[in-house]
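Participant: Residue numbers (UniProt numbering), protein chains in the order written: chain A, 1 to 313; chain B, 1 to 313; chain C, 1 to 259; chain D, 1 to 259.
It is worth saying that the hints were derived from the structure and are not from the lab.
Predicted, not measured: the structure shown is a model, and the values here were computed from it.
Idealized CB from N, CA, C, for every residue including glycine.
Fair warning: there could be bad hints in the mix.
[Said to hold, decoys possible] Computed Cβ-Cβ distance ranges for the label pairs, DEER-style: (1) P237(D) / D283(B): 45 to 55 Å; (2) K280(B) / W6(D): 49 to 59 Å; (3) E74(D) / G45(C): 34 to 44 Å; (4) Q13(D) / A288(A): 54 to 64 Å; (5) S287(A) / A73(D): 17 to 27 Å.
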Amino acid sequence: MSRLETKLPGLTLKNPIMPASGCFGFGREFSQLYDLDVLGAIMIKATTEEPRYGNPTPRVAETPAGMLNAIGLQNPGLEKVMERELPWLSQYNVPIIANVAGSQVEDYVEVARTISGSPHVQALELNISCPNVKTGGIAFGTVPETAKHLTKKVKEVSEVPVYVKLSPNVSNIVEMAKAVEDGGADGLTMINTLLGMRIDLKTGKPILANRTGGLSGPAIKPVAIRMIYEVSQQTNLPIIGMGGISTVEDIIEFYLAGADAVAIGTANFSNPYICPELIKELDEYLSANQIDHISELTGRSWSKDGKRTYYCS
Amino acid sequence: MSRLETKLPGLTLKNPIMPASGCFGFGREFSQLYDLDVLGAIMIKATTEEPRYGNPTPRVAETPAGMLNAIGLQNPGLEKVMERELPWLSQYNVPIIANVAGSQVEDYVEVARTISGSPHVQALELNISCPNVKTGGIAFGTVPETAKHLTKKVKEVSEVPVYVKLSPNVSNIVEMAKAVEDGGADGLTMINTLLGMRIDLKTGKPILANRTGGLSGPAIKPVAIRMIYEVSQQTNLPIIGMGGISTVEDIIEFYLAGADAVAIGTANFSNPYICPELIKELDEYLSANQIDHISELTGRSWSKDGKRTYYCS
Amino acid sequence: MIKKEWMTVVSQQNIAKNIYELTLQGELVQEMNEPGRFVHLKVSGQTMPLLRRPISIANIDQTNSRFTMIYRAEGEGTKLLAEKKAGDQVDVLGPLGHGFPVNEAQTGETAILVGGGIGVPPLYELSQRLNEKGVKTIHVLGFQSADVAFYEAKFAELGETYVATVDGSLGTKGFVTDAIREFNLQGDILYSCGPVVMLRALEELQLTKKGFISLEERMGCGIGACFACVCHTQNDPTGTEYRKVCSDGPVFPMGEVAL
Amino acid sequence: MIKKEWMTVVSQQNIAKNIYELTLQGELVQEMNEPGRFVHLKVSGQTMPLLRRPISIANIDQTNSRFTMIYRAEGEGTKLLAEKKAGDQVDVLGPLGHGFPVNEAQTGETAILVGGGIGVPPLYELSQRLNEKGVKTIHVLGFQSADVAFYEAKFAELGETYVATVDGSLGTKGFVTDAIREFNLQGDILYSCGPVVMLRALEELQLTKKGFISLEERMGCGIGACFACVCHTQNDPTGTEYRKVCSDGPVFPMGEVAL
Ligand SMILES: Cc1cc2nc3c(=O)[nH]c(=O)nc-3n(C[C@H](O)[C@H](O)[C@H](O)COP(=O)(O)OP(=O)(O)OC[C@H]3O[C@@H](n4cnc5c(N)ncnc54)[C@H](O)[C@@H]3O)c2cc1C
Ligand SMILES: Cc1cc2nc3c(=O)[nH]c(=O)nc-3n(C[C@H](O)[C@H](O)[C@H](O)COP(=O)(O)OP(=O)(O)OC[C@H]3O[C@@H](n4cnc5c(N)ncnc54)[C@H](O)[C@@H]3O)c2cc1C
Ligand SMILES: Cc1cc2nc3c(=O)[nH]c(=O)nc-3n(C[C@H](O)[C@H](O)[C@H](O)COP(=O)(O)O)c2cc1C
Ligand SMILES: Cc1cc2nc3c(=O)[nH]c(=O)nc-3n(C[C@H](O)[C@H](O)[C@H](O)COP(=O)(O)O)c2cc1C
Ligand code: FES
Ligand code: FES
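Bound-form chain A, shown alone (with noise of 0.2 Å):
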């Protein structure tokens, strides 16, 4: 058995890490940089019933270790997504994680059932935390009953396991995990983005059209890393963790806070390489450091024994 093998719900890896929704789109311009079989999944670029362009440009800016985005969850929409790119994607022997958004209730059902049915999809995202669109969005991520009611919702129609896509713009992380875990959730994926903005000096006006957008890369790695610690304690569900990992250390860190698996956002970016660079670093660093299975990591900040709930035996 391998040392990065990783079972979750729905999913078997190779190894724990993937690339993040938003930043690989639906694979097809990373296919020309490196084959898609080293990863161990894919969280496609959210989906939503109808096509959307987006917000207006410009959409990204830099900050102190990070960037903003507000993108707007631009995408073909669900019937492209389903005729289009989940075939394409299916070539690779790799399992896809549909990430899902919506304006209101029936919409995410509605995604939700249609992509779950997808012989090519083997979970879904649930992003009830996308910061960057003017309906919806903010209050499934925010209170913690509307959480617990729109997982509820999905699950009944899912046929594949639900993980839910936390959002860190809330007072308490906790009892929006545990919200999620009372709806059914299968599993948690955090964290989305938080609430940021630049202003532009020049033009006194903010830099993204959208005026907020959302915050991540490095500068957001210790706020991911407290929220995980925090709900890998209170909640059963295992944790897919992301915010500003660049490095293999960052990855050691997000397992001793109790995360199962990881997936990279924004430093694909900088480092289009980066996941399978990752990949290679984390299994020699396991071998140096002789930790027979990385998931012997997982909540070892604050457990003795690890968490190991969801070991690959």
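The hints should help you fit chains B, C and D with the ligands onto chain A, whose structure is shown.
Facilitator: This is chains B, C and D with the ligands only, laid out in the frame that chain A set:
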């Protein structure tokens, strides 16, 4: 009239730049480096009724473009601050803003009553947002009704204007701001630190003895800017902005977002001369850009005419 | 093919106020086959600045495995780039995007190349290739003022060259369109790169039947994956059509994208 | 007086595995009047790494306005510091804190100087000053292993020198306390710097009547303003007594602070 002179409730400032609470002690150490008279004001370290030792060490950790701290409100207690620190600081011609903390409403009220009676204190800063103490702190900063009630109680006894320091660890910052405005606050200071954590790979444990700590520095600037942008449009209170300021461009960005003055925290550690340097550079910047008065910039990112509520005439 | 390579600085020169000419060497140059494409640079091995910077390829020298960029040092990233000295390494991803189609101009035809500010650089490689093919080139270069102008002489070696400056300190006082009108410039095909206002003015001018313009947009990935750099197409009733500047562009046929 | 200065690198040398000896030049050296004080370094002009790094002063040469530090390149900051070359500039704040009191040792007495790992460096300047004063010095230096050991010869020039390594690859196998016992070392006053476990063991040993130890703690400001680096005092019933390592220390009389 100088380009920098600023009037805020209770405060007539030579310039709008002041060290943030907790990053400047009670001024003694920095007074060995430069003449404190140059500062716009000084926000002194949080004062509690009884002396506090604070948390065990390590109390600080570095993060990408930021740092975590968990000092735990160490301070010599109200009596010593009244007897020793304030009279000492009063030798300088610089307004003192006293940062007030506690574990329950009564503590805050007691400290506020006494310290606001000092002839040396021009305003209070109500620290309802310290993430680093076990009791109190957090609820005051995250539940609007609790914050409002506390503000009211403190206002009842305070002999000087009360600024409330908002925590960024909330789902809805505008709601919090409005609550304390309803409670009678005279102004806002924002933001305090984001709750974060770092884990030491060698030990597998959190670096901070307190485990979690408050994230400050450039990393959090986009969050501060966003919150000030939102709050300044929705309340009539003047805002002293802080969070990651280290250059004159940062100060301008805070003003454009909606700040009426600014405070410098973490940057005092990387460069202990940062405050006098920024005061000089800000004046030069305004002059070079033909801006008659710094207050013209307040809120310019969302209002053509700026906010101009707290103009120095 | 897109590659990522630590390339070596051959030379770095300050050629006008805040304008630098940087030549790098490495294998990646062998992939550079078209003018108007760009590279995405990580200017520091550290975390900050976090994002890569897109810079056009201004000159390709495959024999020596070298290429040249010209850029303005303005923000954090380009200022750091300007500190690199001969022998230093730079992390280059490229070549990216689709460039100016040389084949759209026929031997014997006249091409008008219009550049504005830091939009001028990619036209230099383009002009050389057009001239090699026997296409006559006319160059119109617009700058803010004389102190930030560059490469006028180099372009002049390749064909008629007109300069416009906003403050009149060099050439025609005004914009490139003023110079075009003043000298009544005409040609068969237009190639342009520069600020959107300039491109829009050129589109309205309808100087030639055919034209190709190069756009700028803030980028995340630079390879088409993040949707940071999209623009609307012209005549799109649904409003959901788009092009990605980084991978569909940066060069588009005039009339294709909404400016 | 505390000053901040961009000092110039005179030399940087790798003297043991990951151990560097760095000499800087500048006016600030004229303020250095006591062994055991430290400087606070900003290793990069960029935002990251954000915090300064505290490093002890190992040797002071006021005639040439130079001082030397010895440090282990381990984390982000010290690794960047290790890249500095002669002629580069480093942002130095210092000298900070209170050092080892040379006056507590009388001419003719014997001082035992015990250093562990990167706690060894400040003892070098101390030993020179003690010897100048006519105090006999005995040095006990503890390291993990031979490959990270340094300055044994330099200390030997100043007095008897014993080395202990955890793996026995050099000198006594074990800890400094093992070497002290093995050679039955005795003296009038103890000066020590190193890991807390070592300091604690020395305190228990009660080797001398008088002793001074230097502590390490993670720091924010380095000047006493932020309360990052406090430690408890011994025999403090209230639990609210404290000392700041950066400004009250890093050197404390043995028995003053809780280890
Ligand atoms: C396809 C393409 C080709 C380009 N070719 C050149 C060239 O040959 N010479 C040249 O001088 N400039 C060129 N630019 C513009 C250049 O990318 C920006 O000037 C540069 O990224 C600014 O970085 P900075 O570090 O100076 O500014 P910062 O303000 O530090 O940049 C912050 C962020 O904003 C982005 N950004 C800022 N301004 C621009 C801009 N105008 N366009 C795109 N992104 C921006 C940066 O890339 C970075 O992500 C090109 C842009 C594009 C899209
Ligand atoms: C008074 C004093 C004197 C010192 N003298 C020396 C010396 O002469 N030679 C030497 O090699 N080391 C010395 N140290 C330890 C040195 O400060 C740390 O090794 C160094 O700060 C680590 O930085 P980094 O960039 O390698 O690690 P990073 O892990 O990148 O550091 C991250 C943060 O943690 C802090 N930190 C990490 N380890 C330590 C530590 N052991 N002590 C204090 N802060 C730490 C850093 O200062 C920084 O703020 C001294 C420490 C103190 C307090
Ligand atoms: C450009 C961009 C687009 C994103 N789009 C999505 C999205 O469509 N759905 C989603 O759930 N998260 C989206 N995210 C959030 C990331 O998946 C991830 O949660 C976040 O960026 C934190 O990870 P990082 O710091 O590694 O980037 C996006 C992030 C970025 C930077
Ligand atoms: C070491 C440290 C101690 C602090 N102590 C206090 C405090 O006692 N009271 C308070 O209201 N804020 C305290 N703060 C928060 C700062 O005043 C400020 O709000 C925050 O650090 C953001 O600003 P900055 O990024 O410029 O540091 C502390 C911050 C730091 C870094
Ligand atoms: S920059 Fe990512 S799609 Fe163009
Ligand atoms: S480091 Fe700030 S008080 Fe010691």
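Participant: Take the hints in turn and mark each one as holding or not.
Facilitator: Structure-based check of all given hints:
no., hint, in the structure
1, P237(D) / D283(B): 45 to 55 Å, "52 Å, holds"
2, K280(B) / W6(D): 49 to 59 Å, "18 Å, violated"
3, E74(D) / G45(C): 34 to 44 Å, "18 Å, violated"
4, Q13(D) / A288(A): 54 to 64 Å, "29 Å, violated"
5, S287(A) / A73(D): 17 to 27 Å, "24 Å, holds"
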